[in-house]
Structure formats: structure tokens, C-alpha cells
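Novice: Residue-level listing of the chains:
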Amino acid sequence: MTVSPLRKGHALEIDKVSKAYGHFLAVDDVSLAVEPGEIVAILGPSGSGKTALLGMVGGRIAADGGDIRIGGNSVMGLPPEKIDAATVFQDYALFPHLSVLENVGFGLRVRGVAKAEARKRALEMLAIVGLEALADRNIAQLSGGQRQRVATARALAVHPGILLLDEPLGALDRQIRGRLQEELARLLRRLNVTALLVTHDQEEAFTMADRIAVMQGGKLEQYGPPAELYRWPATEFVATFLGNGTIVEGRRAGGTDDLPLFEVAGAFVVARSRVAVGASARLLVRPEHVEVGPAGSQPAPTWRDARLAGVVNTGGTSRLTLEIAGTTLEALSLGGFDLVPGQTVDCTLAAEAAVVL
Amino acid sequence: MKRNTHLISAPGPWAQSRRDFLKTAALAGVAGIAAGHLGARPAFAKASKIVWGTNADYAQPDMLSPFQKASGIEVATEYFSDPSELVTKLRAGGAGVHVMTDGSYHSDITYGEGVLKPIDTAKMPNWDKMIPAFKTAGGLAFDGKPHGIPYAWGTDSVVYNFDALKTEIDDLGALFDPKYKGQIAMPNGLFESLVATALYLGIEKPFAMSEKELDEVTKVLIKQKPLVRSYWNDIGDLKNLMATGEVTICWGWKMLLDIKQHGIDVRWAHPKQGELAWYDAAFMTKEAEGETEEATMAFMDYLIGDTYGAVLGKSIGYLTTSTSAIAAMDKDLVKTLGLDDYDSFLAKAAWWTSPTQPDLYQKAWDKVLNA
Amino acid sequence: MNETWRSWLSGTPWLLMIGCFFILPLAGLLLMSFSGEGGFPSLDNYRVVLGEGSDRPAVLLRTIGTALSVVLLSIAIAVPAAYYLAKCVLSARVQAAVLALVAVTFLVGPLVRTVAWRGILGRSGLVNTVLQGLGVIDEPIMALLYGRPAVIVAMTYNAFPFMLFTVFLAMKMIDDRYLAAGRDLGAGPATVFWRIVLPLAAPGIWTGAILVFVPTISTVLEPEILGGTSGRLAATEIRDQFFHALNWPMGSTLTIVLIVAGGVAILALALVTAALARLSGRIGIAMRAGSTGAGSAR
Amino acid sequence: MRREFHWFPAAVTGAMLVYSLLPIVTFTLFSFNPSPFYAFPLTGFTTDWYVKLLADGRIGDSLVASVTIAASVMVAATVIGTMFAFFVVRAAVPFKRVLAGLGFLPLVVPVLVLAAGLQVTFVEIGLPLGFGTVILGHVIYATPFVTLMVMAPLYRYNPALDAAARDLGAGPFTTLRLVTLPILWPGIRSGALLAFLLSFNEWAIAFFTGRGVNSLPMLVYSLQRNGLPPTVLAYAALSTAVVAIAALAVLPLVTRLLRGSK
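Residue numbers (our numbering), protein chains in the order written: chain A, 1 to 357; chain S, 1 to 371; chain C, 1 to 298; chain Z, 1 to 262.
Pulled out of the complex, with its shape left as it was, chain A reads as follows:
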């Protein structure tokens, strides 16, 4: 089915936007730019203000300060119907009194598109999401996955400048969610849509988004490509929120500016940072960067004779908990069936794996 890309999505600029409910600051001076055709995910725990931010872009919530521009023109104070954006709601909010086709065509009809044209484009959009056969069905008869696709088709049908997705796949069960995430991402890229996705599921953000904005307590913690966030978390929150890892105490022990040395749990580690010699720092160690083997089995281990506190076997991999000179450290190893809790082991940290926060 050849799909003509919709006209290119608009750019979105969120400029020093904030929103307070009484004295609770839901969104605190957030600035964010989204390029045309780009998919950005806003990731954060519940109550981090991500849904409020999305609501303000969609016009459902009135911002207190700052400016929001879509395709260069400000949408501040405009009612939702005047904003060139369309939302896929968390519980889909499909119209119960209309059929699938009527739901998808609703946006076109109210924007004055003639009935025949609206019907054609609605059917076309249903074909894209693979639900053409259900056009005349009643909403009540659809499955969760089907409803999600109808909600997406309804929003895309109006060719919005910005597509807003409010935890779109939250209500679905595990296996479908994975498949739908990839499918949705592929669809959005193929249609050249600019999309802003709100989710609390890290996997969803990583699978779908070109860039991720992590929010916490109304503030924007960090904004960048997924790999960069994972590799170089700017704050402790981002470090722990994305993936898992342990934060350990360390002290700058010398080394050159390009290869600064840190003393961590009795061993010396290279970590890029401009902390002055002697100053203490907190470092992030990813479990997958720590390789663990029985005592004496590694040529140049970072830490020698550490105690293996716990082993949790999760199918293909197992999570190990190590205790080195009073510091606990997490490690991940493929297999690891031969390791027994309490055993003394050696562990090697991958080069430059530790990150100074």
C-alpha cells in the first residue's frame, strides 16, 4: 500500500513554559524544541508534569507563563480546535455513538472537508492502520489493540502539525505493546509526522523516540538522544531512572586532564571529568560494564577478592550484587550459573565505563 507522506510535520518550540495549580508547581520553566518530522518522548514518573505539558501544547490546559509555538506561530491562549495539533488520548476517548469510520472522519468533517473526500481519506487512514474491514463496526465491539489503532488513525486523519500521544499504549498488555510500539514508530516516520509522546515506560521511549526529555517534579532534567542520556546521564535522577546502575562514592586521585584518575572502593578508574584533584565525586557504574569471574580468573581485574553477596538468575542473564571494601556494586553477566553467593570473585570495569555525575 503506497503511502503518500503527509505534508511535513511542523516544528514545535516550548519556551520557558510553566504551570501552577495553587502553589503546586506542576511544570516549572520548561523549554524544549522539536524538529519537523522528529519524534520526541517526554519520560518521567507519574506526577512529573509531563501530561500537563502535553495538555498545554494541545490547548486543553492554559499555561501560566512562557510561549508555545507550532510551525513558528504562537498557540498561547488558543482553544484546542484552533491549534494545529491532534491527540491520541490515554483511554482513546473514542465516540461511542459513532462507528469506526465516523470516528476517524470526525476531525475532517468538523474542519469542513466534504463528506465524500472525508470518507475517502478516513478509509485510507484505516487502511494504513490495517482496520479497513472494521469501518462500520461499533466501537464497543473492538479489542484494546484495535481501539488504539482507531484512536491513532483518528488523530492522524487531520494531518496535524504536531501529533500528541498521551501514554498511547499504556492500557495494552505486554506482548501487543511491544509490537505496537515498533509499528507506531514506523508509521509516524513513514508519514513524516512531528510527534510528542508522553510515557512513563522507558522501553517505549527508547523504541519510538528520536530524542527523549526526562522530566521530574515539573522540571526538565535532560533532553537528548536515548543513547546519550543512557551513556551520559546529566543528573543522578536520569542515571537511576534510565536503566539500572549503582552510584558509588569516589575521589579524584590524579591522572591527566584527558585521562583523569578516580579512586573508587580501593581501585583506580579512569572517568572523564574536570573535577579537581582530591575532590570527591559520585560515579555511575552500569552493571553490564562490570565483568565478574571467580578469584584469579581475570588477567587484570579492577577489583580483586570481592565478595559475591547475591545472585538473581533472570533467564538468559543473572544480576549479581558485589561488596567491595564496603561499597555495594551491581553487575550483569550472561549465564553466570557457576557463581555461588558468598564466593570471592574478581571484577573488571570496562574502560572509561564509569561516569562522573
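To be clear, the hints were calculated from the coordinates, so they are not data collected in a lab. It is possible that some hints are incorrect.
[Stated by the list, open to error] Calculated lysine-lysine pairs in the DSSO-like style (CA-CA distance at most 30 Å, straight line):
id : chain 1 : residue 1 : chain 2 : residue 2
1  : Z       : K52       : S       : K49
2  : S       : K335      : Z       : K96
3  : Z       : K96       : S       : K314
4  : S       : K69       : Z       : K52
5  : S       : K205      : S       : K181
6  : S       : K219      : S       : K181
7  : S       : K135      : S       : K331
8  : S       : K363      : S       : K223
9  : S       : K181      : S       : K135
10 : Z       : K52       : S       : K331
11 : S       : K223      : S       : K286
12 : S       : K179      : S       : K219
13 : S       : K272      : S       : K286
14 : S       : K166      : S       : K181
15 : S       : K260      : Z       : K96
16 : S       : K135      : S       : K117
17 : S       : K69       : S       : K272
18 : S       : K135      : S       : K272
Since chain A is already given, all that's left is putting chains S, C and Z on it; use the hints.
Specialist: For chains S, C and Z alone, kept in the frame of chain A given last:
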């Protein structure tokens, strides 16, 4: 008139409930047409039209058509079941009723409300052909000027079902006799139970009782209450009670004898303590002016003419006050209605006029009802 | 978004209408009720109505008592029937047919419906005739008609459809999955009714209770036609004061007293029905995590 | 979901149906009984009363008057009542509780008193009594009932639906017209039907605020003074039959709607 609201006529893709809207629109459409048609009718009515506030059974189509054909005046009706309902409406003004029916039992109260106008009996040829006793009856003339034309009358007394009781009754005391417990019916409206009990106790002026006398009557009625099956509200209610055998003895109106034709042996008692006589009369209201005034008086004259009285007797068994009407009716109907020797009824009956202090009577009757 | 002007827009037509066509007359009534013989602001009327020795408080209580028994009877009829129609009858066709049938009985004028009861409960009415025919009784039961029972049966007949419709709508909106979950967790059909359906249908029940109670306290037909000697209720007395005694001040006083008493009774009725319905869902189940003691159910 | 047979609610529903139909059957039997008094045993069979009913033009006229008034009241009361329901449920304005309470006050006032009061007000304001004032009076009587019927579904309405419509480009009134009202329509329609029935059967307000208007209840109420003639029973039986047949005809629609709005 047709309310073409935004809601109903808008198209919109309401696939599922579109038929409902068409149905609602159709209903509204009907309303528009019908209202238009009704609204228009008065405008095309004949030159003069009068409105008669009365009971539905006094204004049956076959009773009014002779007058409307002869005089060309249209008589519209406004039905009530109790004259006081119309009086309340007239008091507020704008009721639009030119002639109303009221009875001797209530006309003073209506006059007291200042809603009536005097009439000129000289303009009514049938006035002389009326039964003499009615010309001088109370409650027709006020401040020396005639206001009402009585066109139907009756007497009230004890009525009993001979088949059931098997004895003749000639004493009001029967209504208070425990022997007939659960078979007695007493009137609810127009303070009539108070008046009947006053007659029973031999009180001299049943319509102008003092508070003491009223208390005495109230006590007797409260004592009687357990014996009573029901207080009947109107003649229809009473007819049903007697005809279905719910009660066998009651204080009732003359028209109750009408149920004889259904094979129920009801007999009219002439109690020693006496009976009540009443009439229903037509009164002109203050809303009748100029042309409608003339038309109203012509209509009032028709009510005591020969045709109306005859139809009244034939169809609903009411008694006319017009001798010419009695002459026009067939003989055995006159006999069953007792119109052949109306003097024997009227001789022993006291004219029932409205009580001098209605609120005192109401308070007394309230006590009985609330007991 | 400035929703305020739009919310005022939706309220203004009705508030305007009752402002000039209802509040004015009501205020007129109120003023009239305070105008006794002794000039304008006098409480004579209220003293007469509520003072000791006056039997009107008794009439008022009798009226509200009758109306409450009508509400209870309506609940006894409408709630199980609505539950059966909404939750146990599968085909929407049967549901629609039964509801249409009850609605049709509503179309017949109230007077004809009330007079019909005379033909049913009377001395030689349907009930007595059938019972005598079957030899169950030899003498007709006289107490059936012209007494408080006949009035209550007729009033319930004229009012219970309100309850049936509101409770049916409320129960239809209860998601079947709640019932399935209840049964799944071991509750029998009766328990599901008392513990899940009833509490969730509470709004329908108390709205229905109000819709039944309100017309019943101000109806004149049933007490007058079927009440026999026990016919005197507040509404009939108000009618007598207004029309027969033409004593509008007293009539207004009685009306205001009825409105106030009625209003209080409605509030109480709504609260009680709502609380009872919710309570039936909580007895023996309610728990609070707060108390440290072993699961002390409150 | 499997639905077993609950014998108690089924028995109550059966009893309710008998209770509902008993008066209808009774007065229909009486309408074929020669005797104008309502008692058993019936003394024969006749259709005279039906003949007399059709001959008596008054019932026809007052039927037209009653239907006209009831239809107009239905339309007005439904529109105003629905708007007030939105006010009660959704408006966020000061003193809303008080105003909402005020809106339902007409429910509490006995109809007779409301009627007398309305007439005095209309005359004082100088409104000529007639068709218009009866309709106005009935709208004041019926609207609170409509509001109550619409409020129930409005409380349950999912606001996200309105947000979705606005988000897709529908203005506030378009959203109302295309999404909110159609979904609330079952409640609104039952409110409209109730308004029609209330107005059609109402006597007091029609009597007091009307002039030259003889609505059906007025005629019946006045006729019953001399004993409710069986012609009225004949009318009642006839109208019930007509409506029952119409209801059966419209049943498939009602069924689909009931299923639809599950």
C-alpha cells in the same frame, strides 16, 4: 409557534438516533399546525361569542346547539367541577368568562367576591313562565337588583335503598343509627353535612349557626364518623356508591333517583325534620360588557325556555324551573322526576343559601375531617 | 478557557423563567402567609397552624407518612423489577416491551386510573368478586376500599414508574464485569445484588425516591376519590382553604409549611436511601488499613 | 456473561406487570359494560359508549388542545431543562448550589398552589391568559423533571470525549451538537416523553392559566362530577390501545437504542 430549535433541525452524522429526531420534529410540526388552526379560530368567530363557566353535564352539545342556531351567538364553555374554582379565577381577573353557573348554596359567597353584575329580567320573556317559588328564592337578588336566573333545581334529603333496608325511612336519625354502620354516605362538599346535621338537631337557622351550635354539630358528626362508609364528593360519586351497593342510605341530591332506571329501588324520604331545596342559576360576570352583555342575557333567557329545560330532564334527569319546559316534556318523564307536583317538594324544603360565615363552617368541617 | 460565560448561558433561561414566573408568586404566597388580621407582619396564621390544639401538624405528619410508605412500596416494587430487567433479562426487546407497557399505563389520565381502583377494591369490585367466586371468602372485604390502604395502593400506582425508570437507567449503567467479578470471588447472586448492584444504583434510587415522594405529597385525587372518611391530607386541606373558604392567607401558610416539611423530608429521604444503599455494600466488608490491630472491620 | 434466572426479582417483575395492567383491564371491561356504574359482575356487552364517544365532539376538541399544548411544552421544557442540567452538573460559578436548589423548587410546591400563583402573576404582568400561558405554566411545572432525567447520564459522561472532539477541531457548540447531545440523547428523550405526559395529564395549571381552553383533563375532571361516564373509560381504553400498538411498532427502534447505549 413551531419551535425550530438548533438542536432539532441540524443534520450531523447521528446515524443511530436520526429517526428519533424526525419523530420529534414531526410532533413539533403537528403542534405548529394545530396551534395555528386553533389560534385562528376565534378570529373568524361570529360577531359575538360568550363563554359559559359551568359543569360539563349542563353544557352538552345537544343542549347548546338550539340556542346557537337560533341566535347566531357562539357559546364557548369553561368546565369546572366546583363553582369556587371559577370564582378564584374570576377574582384574579382576566378569566374571560361572561356567564357562570352557581348554586343557591354558594351564590352569596360569589357575590361577596364582587365578580357578578346585575341583570335586567324585563329583557327575559321566559322569566314570567318560571315556577313562582323560584322568583323569590334567596341568593338570586343582591342589593335589591336581580343577578341570577335559576334554571335547574332539586331538593336534598335522606335517600335509601329499599331492597337492602326493607323498611321505610322518615327520620333523619337513621343516618346516625349504628344499625347501618358501614353503609352510610354523607356529603363532603359545600358544608352540607353540617347543614343536614343542623336540620337533624332541629337548629333553627342551619345556614347561620353560632359557633356553639357548630361545635355541637361537629361533635355529633365526629361520633357518626365510624359509621360512615365515605364522604361523597359529588353526585357522580354518590350514584356510584348507591348503585354498586357500597352504601344503602345517604344524605343525597334529587338526581340520585336517576339510578332507578338501572333497577335499583332507591326511595326518597321526607324526614320529619324537613329537607333542603337548592337551585343552580346562571349569573352574569363583570367581564360581560356591551355586546356580550346582551348576548349573555339572551342566553340566560334561553336556559329557562322550553327547549333547554326539556333536554336537561331527558338526558341527565335534572329538574327545570320553567313551567313551559315541563309542559313540553313527555308525561311519564315528568312523573318519574316528580315534576308533576313540585309544590309537595318545595312546601317542606328550606332554601339552601350559603352560610353567613363560611370560614367558621370550614373550620368546623375541618375538625370533622381531621378527626 | 473562559468557561464561565458559557456555564451562565446554560443556566440563565431556566433561572430567568422561574425568577419572574415562579419566585414572584412564591414570594407573593410567602407575604400572604404573614398577613393575618393584625396587619402585615403577623404570625397569626402560623400560630393557628402550628400552635397547640391545632390538628394540622397531625395532618402534615399523616401526609408525609403516607408519602414515605408510598416511596417504600415503590422501592419494593421497582428496585427488584429494575434489577431483573437490567441485569437478568438478556434480550433488549423484552426490556423495552415491559418498560413501554408501564409507560403506556402512564398515558391514561390520573383520574381514570384512580376511579378504576374503585372498580377493583370496591364491595363488588374485581378482588372481592374473584375471592368470593373462589370461595376464599364469603363476605366481601369492606376494608379494601375507602380507607388509607386504598389511597396508598393508588398513589403507588401513579408514582412507582418514576422509580422504575430512574433505577433501571442507573442499573443499566453498572458494568456487567463488576457482577462477574463479584460472582468470580464467590458471592452468590443475592449477595451480588445487595453488595454490588444496590450500592452502585444508589443515585438512581434516591433520585427515584424524590420523583415518587414529590408528586405524592401534593396530590388531591387519590385521597378524595378513594379515601372515604380518612381522605383528609395536607393537599386536600390546602385546596379547601384556597377555594372553598377563599382564605388565601391560611392556604398560603399551609402551603409554605408543607413545602418546608416536604423539603426537609426529601433531604432526609435522599440521604437515608443513599446511605442505606451504600451501607448495604459495606457491612461486613468495610476495612481500614489505618488501624494497626488485626483486620478490625469497622 | 451467563445470566441465570433469579426467581425473586422475576416474580416481582411479574407482579409489577399484573399491578400495572389491573386498572387498565378493569376500566376496559367497564367500557363495554352497559351499566354506567363500575361494579362486578358485568351485566352484558355493548359498544354504545364507544359510539357515544365518537359522537361527542368535545373529547375530540379537547384532545387536540391537549396534544398541542403537550407537544409545545415537550419541546420547550426539553431544551430549557437540558440546558439547566448542564448548568447544575458542569457550571463552576459562585452560589451554584443555591441556584440549583432554586431551580428544583417548583417540584416541591403543590400543583394547585402553583396554578393559582401562576394565574395571579400572569394577570399582574399583563400576559393575556390563553394557550401561551398554559404552555408557559406547564413548562414551569415540567422542566425540573426533564433536568432530573438528563442529569443522571450527564454525571456519568466521560469529559475526555468532549476534549477529543475539541482537539480534532470542533468548536464548543459543534462538540455539543455532534458529540455531547447525541450521547445524552436517551436521557433527553425520556425527559421529553415525561414532559409530554406531565403536560398532557395536568389539570390545575391548564384550568387556571387558560382561557377558552378546554384541555382533556379539564373535561374529564368536570364530567366526573356527575359520575365518570363510561364514554371517558372508552376514550381511555381506546387511547391505551392506540399507544400500545404504536409502542409495539416503535419497539424495534427502542430495542436497538437500548442495545446501542449499553
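Novice: Give a verdict on every hint.
Specialist: Results for each hint:
Restraint check: the Cα-Cα separation between K52 of chain Z and K49 of chain S comes to about 27 Å, which is no more than 30 Å; the hinted pair holds. The suggested pairing of K335 of chain S with K96 of chain Z is violated, with an alpha-carbon distance near 71 Å, which exceeds 30 Å. Distance check on the hinted pair: K96 of chain Z and K314 of chain S sit about 63 Å apart at the alpha-carbon level, beyond 30 Å; violated. Restraint check for K69 of chain S and K52 of chain Z: satisfied, since their Cα atoms lie roughly 22 Å apart, inside the 30 Å limit.
Of the pairs offered as hints, the one joining K205 of chain S and K181 of chain S holds, with about 29 Å between alpha carbons and a cut-off of 30 Å not exceeded. Distance restraint check for K219 of chain S and K181 of chain S: the Cα-Cα separation of roughly 18 Å lies within the 30 Å cut-off, and the hinted pair is therefore satisfied. Restraint check for K135 of chain S and K331 of chain S: satisfied, since their Cα atoms lie roughly 25 Å apart, inside the 30 Å limit. This hinted pair checks out: K363 of chain S and K223 of chain S have alpha carbons roughly 17 Å apart, not beyond 30 Å.
With a C-alpha separation of about 41 Å, the suggested pairing of K181 of chain S with K135 of chain S is violated against the 30 Å cut-off. A distance of roughly 26 Å separates the Cα atoms of K52 of chain Z and K331 of chain S; the hinted pair therefore holds under the 30 Å criterion. Distance restraint check for K223 of chain S and K286 of chain S: the Cα-Cα separation of roughly 44 Å exceeds the 30 Å cut-off, and the hinted pair is therefore not satisfied. A hinted pair counts as satisfied when its Cα atoms are at most 30 Å apart, and K179 of chain S with K219 of chain S qualifies at roughly 19 Å.
Proposed proximity of K272 of chain S and K286 of chain S is contradicted: the alpha carbons are some 42 Å apart, above 30 Å. With a CA separation close to 16 Å, the supplied pair K166 of chain S and K181 of chain S stays within the 30 Å bound. The hinted pair formed by K260 of chain S and K96 of chain Z fails the criterion: a straight-line CA distance of about 64 Å is larger than 30 Å. The suggested pairing of K135 of chain S with K117 of chain S holds, with an alpha-carbon distance near 18 Å, which does not exceed 30 Å.
About 48 Å separates the Cα atoms of K69 of chain S and K272 of chain S, which puts this hinted pair outside 30 Å; it is violated. Of the supplied pair hints, the one linking K135 of chain S and K272 of chain S holds, its CA atoms being roughly 27 Å apart against a limit of 30 Å.
Of the numbered hints stated above, those contradicted by the structure are hints 2, 3, 9, 11, 13, 15 and 17, listed in ascending order.
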